[in-house]
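Student: Residue numbers (our numbering), protein chains in the order written: chain E, 21 to 280; chain V, 12 to 559.
Please note that a few of the clues may not be correct.
Derived lysine to aspartate or glutamate pairs resembling DMTMM-like cross-links, with alpha carbons at most 25 angstroms apart [unchecked claim]:
hint, chain 1, residue 1, chain 2, residue 2
1, V, K293, E, D206
2, E, K217, V, E135
3, V, K508, E, D206
4, V, K293, E, E157
5, E, K217, V, D138
6, V, K419, E, D129
7, E, K217, V, D147
8, E, K100, E, D129
9, V, K419, E, E157
10, E, K83, V, D185
11, V, K419, E, E88
12, E, K127, V, E134
13, E, K127, V, D147
14, V, K293, E, E88
15, E, K217, V, D188
16, V, K419, V, E429
17, E, K83, V, E429
18, E, K127, V, D138
19, E, K217, V, E429
20, E, K127, E, E201
21, E, K175, V, D138
Hints in this document: simulated from the structure, not taken from any laboratory. This one's a predicted model, so the numbers in the text were calculated from it and none came from an experiment.
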Amino acid sequence: MTRRLLSPAQAGLYLLFLLFPGVAHAQWLGHFAQAQWLDRARVSINVGVEQPAATTFSTSTTKPVYLETATITTAYSVPKGQFFDGGVLVRVRGHFGVGVAVSAFTKSDAASVSGAIPHPFLFNTLRPITGSTSPLERSETAVHIQAAYVITSGKIDVAISGGPSFFNAGQDLAADVTYTEAYPYDTASFAGATVSKASATSAGFNAGADVGYKLSKSVGVGGLIRFSRGSVVFPLANTASGVSANVGGLQAGAGIRFFF
Amino acid sequence: MTRVRLIVAGLLALAAVVVTAPRPAGQVSSLAVAVGMDNIDRLRDWDVRVNQLARTGDLQVRDEHQDTLLPARRHERLRQVYHGVPVWGGDVARQSERGVTVSIFGSLYDGVAVDTDPRLLPEEARDIISRLSGVDMGTRLPQPLILPLPGGGYALTYRDQAISVNEASVYFIDAMDGSLRLKYNLFENQSAVVTGMGVLSDSKKVSVRSTAGTFMADDQLRPPALQTYDMRGSINAALNALNGFTSLTPANLAQDPSTTWLDGANVDAHAYEGFTYDFFFKRFGRQGLDNHNTRLIGMTHTVRPQDIFTAPSSILGLFYINAFYCPDCGRDGLGMMVFGEGGGPATFISGSVRFTVRNFAGSLDVVAHELTHGVTAFSSNLLSLNEAGALNEAFSDMMGTSVEFSVKPAAANYMMGENLTSVVVAGFQRSLADPLSLGTPDNYAIRLLDAADNGEVHANSTIPSHAFYLAIEGGTNRTSKLAVTGVGAANREQIEKIFYRGFTQLLPSNATFATARAATIQAARDLYGVGSAPERAVIQAWTAVGVN
């Protein structure tokens with residue numbers, strides 16, 4: 021039998037230990053590989069921090085104003101934020117199992133608006149406006165289907181998993197802006213945005229690792245690291261093809277484990 | 012089910028009248044009743060009925076107040092409600108004196124039958140209004156209201172208003188299915204901007220009023236009332252309006268149901284009046300002709316083009332081949348401007364030159380020139396005679412070209428009225444840059460001294476207006492050969508402000524050229540200091556044109 025330096029599972033573990041240096045010890049790798057995964061299933065509940073896949077995106081809308089076209093560009097940011105995750109992993113055979121996890125992420129941040137508003141009296145005399153919206157919410161709920169390889173050693177087990185993800189994302193979008201103007205109308209000032217809630221779904225993928233530490237036979241604690249990615253198009257009026265944005269991201273969290 | 016709409020209207024001075032209108036089946040029908048003290052029995056009947064409705068909760072008092080003119084009287088307003096929900100338009104006003112009802116005025120709906128338990132939440136209705144109007148409605152919630160339907164029956168709705176920069180409307184959203192039941196404009200008149208093709212076939216924006224599907228030349232965006240009236244070729248109507256015998260009405264306003272206006276005179280007159288107002292406001296902070304936003308009225312098409320061949324010379328010279336500002340005209344005596352119709356189909360001959368004359372509204376500098384006469388009338392009130400008259404004309408030319416440089420910098424020049432005729436013709440145009448080229452004096456030494464034209468006020472105006480030009484652009488006076496160092500075109504604003512200050516705030520009504528020299532030098536010192544470049548330019552310019 022040909023031996024490679026590291027199996028995929030071991031490589032994943034090594035990556036995990038790099039991210040969790042307190043747990044890392046290279047000599048454990050061989051020991052893990054020899055143990056049997058005896059649990060029928062494990063349930064994990066995590067809370068942590070998600071770094072979104074794309075932290076910025078923008079929209080550009082137009083609308084007729086004073087016989088010309090006003091253009092509004094909105095730059096959104098999606099900062100890292102808290103996520104919640106829950107999942108179940110069922111052993112199928114040997115070290116292999118399948119599972120499903122659901123994660124939810126919500127974060128709000130103001131968007132920057134810039135635009136050019138036509139003049140009421142003169143053609144080709146655009147008036148710039150700039151401003152910030154109130155915090156706009158990004159929410160993502162993802163269902164991660166996982167095929168997992170689990171390595172155990174006594175109280176510790178590690179699941180390396182990957183598979184498809186299905187995202188349902190919501191985003192507050194600045195569908196329109198309001199502005200103030202007064203005679204002689206040579207300037208216009210941003211007053212606020214008309215916010216619409218857009219939602220979209222898409223499929224993507226996930227890959228990650230989950231480490232559990234048994235405090236008793238059926239209860240433990242653990243850590244999770246997962247990367248997921250998808251791409252959605254939020255519908256938005258006055259745009260040609262909606263707003264494209266990436267969803268998912270890098271999740272790192274910890275929580276409780278139940279073993280059956 | 013027969014639904015009857017009862018309208019109870021009481022007027023103290025009226026005798027009781029009952030009118031029943033024929034009504035198509037299925038429609039909300041009406042019964043109109045006028046009740047006053049002249050019909051005590053009917054008044055008492057309605058008084059009792061209103062009291063009964065108030066006791067059962069079908070009428071709710073929404074306002075009570077003492078009469079400010081007749082202290083013994085009180086007024087009470089009651090609104091109709093059905094199962095606690097107001098009925099739109101169901102309203103009664105009752106007047107009483109020492110507890111005795113003297114009149115009832117209002118309308119009530121009978122036979123209201125509608126489910127008042129909404130399937131839609133107020134928040135959902137608010138979101139629908141937000142979506143329809145494009146306005147963020149915030150946390151304010153629309154109010155439930157029973158809406159009588161024009162086709163018969165009633166609907167439970169949510170009502171709210173949404174105001175944006177483009178629209179102000181009231182929305183009625185069906186509380187059962189979320190459909191839009193009714194929408195109407197919150198304000199009767201709305202501002203609008205239409206595209207207009209001017210006399211020279213140039214496209215421009217025109218600020219108008221939108222009323223009942225028609226756009227009228229009544230500017231809603233600028234501070235003063237700024238209106239352009241199309242007299243549709245009626246010289247008599249124009250004369251009556253100018254003389255104050257009749258008032259102009261909205262029907263006289265230039266108007267078009269289309270958002271693209273093609274009457275060049277109406278388009279340019281209205282747009283250029285606005286541009287002139289804008290220039291004085293932005294350059295000098297002046298609010299209209301009187302600096303208090305007095306209304307601005309212009310009249311177009313006071314005569315018919317085809318009548319030019321038979322028009323008396325007085326009409327020809329005033330209403331065809333001219334434009335004028337009449338400071339005391341109009342029923343209120345606050346002034347009016349008339350834009351000459353131009354030559355229409357006529358071809359004019361001057362020497363060997365054949366030319367046509369366009370509508371005078373098509374020349375921005377001419378429109379600004381005439382309105383500046385209004386500014387003068389409300390400020391220095393320069394006499395229209397001799398040197399004061401020439402100064403009056405000169406100041407209008409200065410501001411006319413200044414407006415042109417402000418609004419159309421790429422096409423601007425120091426030729427007054429260059430767009431009036433198909434070719435430049437002495438008498439129609441005046442050159443501030445080179446007056447001699449069009450036969451008017453450029454120096455005090457060669458001023459015209461005859462009595463024609465009130466002492467040659469138009470011809471001699473090019474002496475001070477040429478000084479204005481030299482102070483900006485610099486150059487050499489052709490007659491005196493004296494050179495002037497101007498402030499430069501980039502600093503033209505300095506000279507504009509100096510002459511504006513001198514002519515509107517420092518000059519007396521019987522000013523001479525010498526007075527104007529002293530006033531503008533004083534203005535230069537006030538604004539830019541002794542020895543400043545603008546002051547030197549003004550002194551040199553007046554000296555170059557022979558005014559000391």
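Student: Next, verify each hint and record whether it holds.
Tutor: A quick look at each hint next to the structure:
Using a Cα cut-off of 25 angstroms, the hinted pair V/K293 and E/D206 holds, with the two alpha carbons roughly 10 angstroms apart. Annotation: proposed proximity of E/K217 to V/E135 holds, straight-line Cα distance about 13 angstroms (limit 25 angstroms). For the hint linking V/K508 to E/D206, the alpha-carbon distance of about 20 angstroms falls within 25 angstroms, and the restraint holds. For the given pair, V/K293 sits about 43 angstroms from E/E157 by alpha-carbon distance, which is inconsistent with the 25 angstroms threshold.
Between the alpha carbons of E/K217 and V/D138 the distance comes to roughly 11 angstroms, so the proposed pair stays at or under 25 angstroms and holds. At most 25 angstroms may separate the alpha-carbon atoms for a hinted pair to count; V/K419 and E/D129 exceed this at roughly 45 angstroms. The suggested pairing of E/K217 with V/D147 holds, with an alpha-carbon distance near 12 angstroms, which does not exceed 25 angstroms. Restraint check for E/K100 and E/D129: the C-alpha separation of about 10 angstroms stays at or below 25 angstroms, so the hint holds.
The suggested pairing of V/K419 with E/E157 is violated, with an alpha-carbon distance near 47 angstroms, which exceeds 25 angstroms. Of the supplied pair hints, the one linking E/K83 and V/D185 is violated, its CA atoms being roughly 28 angstroms apart against a limit of 25 angstroms. Between V/K419 and E/E88 the alpha-carbon distance is near 19 angstroms, which keeps this suggested pair within the 25 angstroms criterion. Restraint check for E/K127 and V/E134: the C-alpha separation of about 23 angstroms stays at or below 25 angstroms, so the hint holds.
The suggested pairing of E/K127 with V/D147 holds, with an alpha-carbon distance near 21 angstroms, which does not exceed 25 angstroms. Straight-line distance between C-alpha atoms of V/K293 and E/E88 comes to about 24 angstroms, which keeps the hinted pair within the 25 angstroms bound. For the proposed pair E/K217 and V/D188, the alpha carbon gap of about 21 angstroms is at most 25 angstroms, so the pair holds. Between the alpha carbons of V/K419 and V/E429 the distance comes to roughly 14 angstroms, so the proposed pair stays at or under 25 angstroms and holds.
At most 25 angstroms may separate the alpha-carbon atoms for a hinted pair to count; E/K83 and V/E429 exceed this at roughly 38 angstroms. Taken as a hint, the E/K127 and V/D138 pair is honoured in the structure, with Cα atoms around 23 angstroms apart against an allowance of 25 angstroms. With a C-alpha separation of about 57 angstroms, the suggested pair E/K217 and V/E429 falls outside the 25 angstroms cut-off, and the hint is violated. For the proposed pair E/K127 and E/E201, the alpha carbon gap of about 33 angstroms is over 25 angstroms, so the pair is violated.
Restraint check for E/K175 and V/D138: the C-alpha separation of about 54 angstroms exceeds 25 angstroms, so the hint is violated.
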